[in-house]
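2 protein chains.
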Amino acid sequence: MNKGRLIVFSAPSGCGKGTMLAEILKDNSFRCSVSTTTREPRKGEIDGVHYYFISKEEFQRRIANDEFMEYAEYCQNSYGTLKSEVDQYLESGINVILEIEVQGAMKMREIRPDALFVFIAPPSVDELRRRLNKRGTETPEIIEQRIEAAVNELKFMPKYDYIIVNDALEDAVSDFFAVIRSEQLTVSAQAEFIEEVIKNA
Amino acid sequence: MNKGRLIVFSAPSGCGKGTMLAEILKDNSFRCSVSTTTREPRKGEIDGVHYYFISKEEFQRRIANDEFMEYAEYCQNSYGTLKSEVDQYLESGINVILEIEVQGAMKMREIRPDALFVFIAPPSVDELRRRLNKRGTETPEIIEQRIEAAVNELKFMPKYDYIIVNDALEDAVSDFFAVIRSEQLTVSAQAEFIEEVIKNA
Chain A
1 MNKGRLIVFS APSGCGKGTM LAEILKDNSF RCSVSTTTRE PRKGEIDGVH YYFISKEEFQ
61 RRIANDEFME YAEYCQNSYG TLKSEVDQYL ESGINVILEI EVQGAMKMRE IRPDALFVFI
121 APPSVDELRR RLNKRGTETP EIIEQRIEAA VNELKFMPKY DYIIVNDALE DAVSDFFAVI
181 RSEQLTVSAQ AEFIEEVIKN A
Chain B
1 MNKGRLIVFS APSGCGKGTM LAEILKDNSF RCSVSTTTRE PRKGEIDGVH YYFISKEEFQ
61 RRIANDEFME YAEYCQNSYG TLKSEVDQYL ESGINVILEI EVQGAMKMRE IRPDALFVFI
121 APPSVDELRR RLNKRGTETP EIIEQRIEAA VNELKFMPKY DYIIVNDALE DAVSDFFAVI
181 RSEQLTVSAQ AEFIEEVIKN A
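Listed in order, the protein sequences are those of chains A and B.
First residue of the first sequence: 1, per the numbering used here; consecutive thereafter.
First residue of the second sequence: 1, per the numbering used here; consecutive thereafter.
Take the hints with a grain of salt, since some may be wrong.
As the list makes no split between identical chains, a pair holds if one copy fits it or if it spans any two.
[Unchecked claim] DSS-like, lysine-lysine: derived pairs with alpha carbons at most 25 Å apart:
no., residue 1, residue 2
1, LYS134, LYS26
2, LYS199, LYS17
3, LYS199, LYS134
4, LYS155, LYS199
5, LYS199, LYS3
6, LYS159, LYS199
7, LYS107, LYS155
8, LYS17, LYS83
9, LYS155, LYS17
Hints were generated in silico from the structure; no laboratory data involved.
Isolated chain A (complex conformation):
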């Protein structure tokens, strides 16, 4: 059986990342890694689904135990990805998606060069603005802040492996699966098959 692939998945807000992931996860060979955090659960958040909620002491103990693949501090809370959330699944043939923002992704480039880096982009910044306005849930100031954050994130696109434009959800999801399948067909991914065929020839 083939090992799973670690996939770093980034998208600015308004790019439909959530709906894309929901579609992708209908395929049982994919799972999203669950992050661990020291912050308090928000209303509706479930331990083990949205995050693993642990105490600051427990977080420190796990750092000391070298249990994290990566971790960082935001607003006085710690967030991290446990190695156990990733490697055991990859070994059993499951593709593990790490949904992280661009800075974290760049860190991952160094820690896990075996990962696949996929960026979900809007068709254009104008379209992104239109989508964020359409939601109608944020003030114009907040929307402009989000646009600015998105533009900063878009500048990291050249550092990823693949860019998928989420114009129509169905196409974007099918593009994602094409990328994953294609990566399984590269000569390096097929090294074992090649060796086997030639050996038994």
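Starting from the structure of chain A, add chain B where the hints point.
Frame of chain A, contents of chain B only:
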């Protein structure tokens, strides 16, 4: 509009290359390059479909005119690929498939590093033998010669970009399309989009 992609497509005999190509060519964004030859047409071969049949003098004139991307001699006949069979189609967004054997493919690596190299493999050499026997059209000696030729070709697999195992036709064709789509989503293929989005941000 995006340019088409040049695809070098190789497969040993018995790998179902013909049926795969027939399926792929149902998609109008793909075409097979038609080779030019000085040999006589065989029964049922149509000029401009199976080959362009031209005289030895005409072939020499075209070599002198630098009209060939590549050409070679086999059994006192010349075979070649006209540049006009490739570049004008790529420019108009058509993906051009060059169906060539491994030696020719290795030459193409040098001439056209922009091409995508796809190898169609049998699930195993045993399965290849079974398929060739099943046809029942060749003598055991001919079959063994073909197996030997196939084994030699399989040794070139590591020099290709992608290996598609043709076990079930439908899966192999869908794998081929996944590879082509995925290549359109790489950061290098998306360079124009990235520039555009960032510029207009």
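Here is what the structure says about each hint:
1. Proximity of LYS134 and LYS26 under a CA criterion of 25 Å is satisfied in neither setting, with 27 Å inside one chain copy and 40 Å between copies.
2. Within a single copy, LYS199 and LYS17 get their C-alpha atoms only as close as 44 Å, which misses the 25 Å cut-off; across copies the closest is 23 Å, which meets it.
3. Taking the closest pair of Cα atoms, LYS199 and LYS134 come within 25 Å of each other only across two copies (24 Å); inside a single copy the shortest separation is 59 Å, beyond that limit.
4. In this assembly of identical chains, the alpha carbons of LYS155 and LYS199 lie at most 25 Å apart only when taken from different copies (10 Å versus 46 Å within one copy).
5. Taking identical chains as interchangeable, the C-alpha atoms of LYS199 and LYS3 lie at most 25 Å apart only when both belong to the same chain, with a minimum of 22 Å there against 39 Å between chains.
6. Taking identical chains as interchangeable, the C-alpha atoms of LYS159 and LYS199 lie at most 25 Å apart only when they sit on different chains, with a minimum of 17 Å there against 38 Å within one chain.
7. Only within a single protomer do LYS107 and LYS155 lie at most 25 Å apart by alpha-carbon distance; the minimum there is 16 Å, versus 38 Å between protomers.
8. Only within a single protomer do LYS17 and LYS83 lie at most 25 Å apart by alpha-carbon distance; the minimum there is 23 Å, versus 43 Å between protomers.
9. With identical chains, the CA atoms of LYS155 and LYS17 are at most 25 Å apart within one copy only, with a shortest distance of 18 Å there and 42 Å across copies.
Comparing the model with each numbered hint stated earlier shows that hint 1 is the single one that does not hold.
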